[in-house]
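Model the full assembly from the supplied sequences, consistent with the hints where possible.
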Amino acid sequence: MKTTNILLTAAFLLLCQIAKAQDFHLSQYDAATLYTNPALTGMYLGDKKTDYRIYGNFRQQWRSVGQPFNTGYMAYDRVHKRFGLGGYIINNRAGSSNFNNLNFMLSGAYQIMDDPTGKHFLSAGVQMGIFQKSFNPLNLVFDSQYSSSADGGFDPNLASGEYFDRTSLLRLDGNMGVFYKYRDEEKKVHPFGGFSIYHLTMPN
Numbered sequence: 023m024k025t026t027n028i029l030l031t032a033a034f035l036l037l038c039q040i041a042k043a044q045d046f047h048l049s050q051y052d053a054a055t056l057y058t059n060p061a062l063t064g065m066y067l068g069d070k071k072t073d074y075r076i077y078g079n080f081r082q083q084w085r086s087v088g089q090p091f092n093t094g095y096m097a098y099d100r101v102h103k104r105f106g107l108g109g110y111i112i113n114n115r116a117g118s119s120n121f122n123n124l125n126f127m128l129s130g131a132y133q134i135m136d137d138p139t140g141k142h143f144l145s146a147g148v149q150m151g152i153f154q155k156s157f158n159p160l161n162l163v164f165d166s167q168y169s170s171s172a173d174g175g176f177d178p179n180l181a182s183g184e185y186f187d188r189t190s191l192l193r194l195d196g197n198m199g200v201f202y203k204y205r206d207e208e209k210k211v212h213p214f215g216g217f218s219i220y221h222l223t224m225p226n
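Residue numbers for the sequence shown follow our numbering, beginning at 23 and rising by one.
Hints are not guaranteed to be accurate.
With a Cα cut of at most 30 Å, we get these calculated DSS-like pairs of lysine-lysine [unchecked claim]:
1) 24 with 155
2) 141 with 210
3) 209 with 141
4) 24 with 103
5) 103 with 209
6) 141 with 203
7) 210 with 103
8) 103 with 141
Source of the hints: derived by calculation from the structure; they are not laboratory data.
Given below as structure tokens:
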């Protein structure tokens with residue numbers, strides 16, 4: 023048994039690859055369930071089958087650098103029988119260039135496991151929507167705009183010498199996930215876990 027565990031651990035470590043991500047984040051990620059895992063859509067609601075919720079988050083980071091990073095999030099979801107339906111919109115604006123990320127997603131989940139004892143809960147979810155990015159190059163500063171005629175200072179009247187084919191893009195986006203929770207009310211510990219994959223279409 024010990025040998026098997028060692029081999030499985032070694033195989034897992036050898037299969038790991040470097041992952042890179044630049045998604046914006048929220049301090050209270052557990053309060054942004056649709057952004058955390060699509061399988062949680064409508065799945066944290068009460069016992070009534072007509073419950074719904076509307077909620078939001080806001081994060082401002084690095085005010086000391088001049089132009090802070092602002093992230094706003096609004097979401098809606100509800101449960102209907104074994105289905106969870108909803109959607110969210112999240113917007114992030116960063117830096118002096120007003121680099122903006124806007125993500126709008128429709129979300130759906132389904133309770134896969136119908137446990138008569140109510141102790142086990144398993145759901146899967148998917149999300150589809152759009153991802154839009156933009157920035158304002160007029161707010162950026164380039165080396166070619168520093169001039170000796172301005173005593174080596176910045177001259178906003180000088181051309182930047184940079185050419186941008188476009189300053190915004192719009193892409194389709196998709197996410198998916200699964201979620202499990204053990205919820206025996208007679209037990210003190212209710213372990214849970216999930217797995218989600220975001221940006222299936224690689225919208226960058």
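Results for each hint:
no.: 1; hint: 24 with 155; in the structure: violated (49 Å)
no.: 2; hint: 141 with 210; in the structure: holds (13 Å)
no.: 3; hint: 209 with 141; in the structure: holds (10 Å)
no.: 4; hint: 24 with 103; in the structure: violated (44 Å)
no.: 5; hint: 103 with 209; in the structure: holds (26 Å)
no.: 6; hint: 141 with 203; in the structure: holds (8 Å)
no.: 7; hint: 210 with 103; in the structure: holds (27 Å)
no.: 8; hint: 103 with 141; in the structure: holds (18 Å)
Hint compliance for this structure: hints 1, 4 are not met, and every other hint is.
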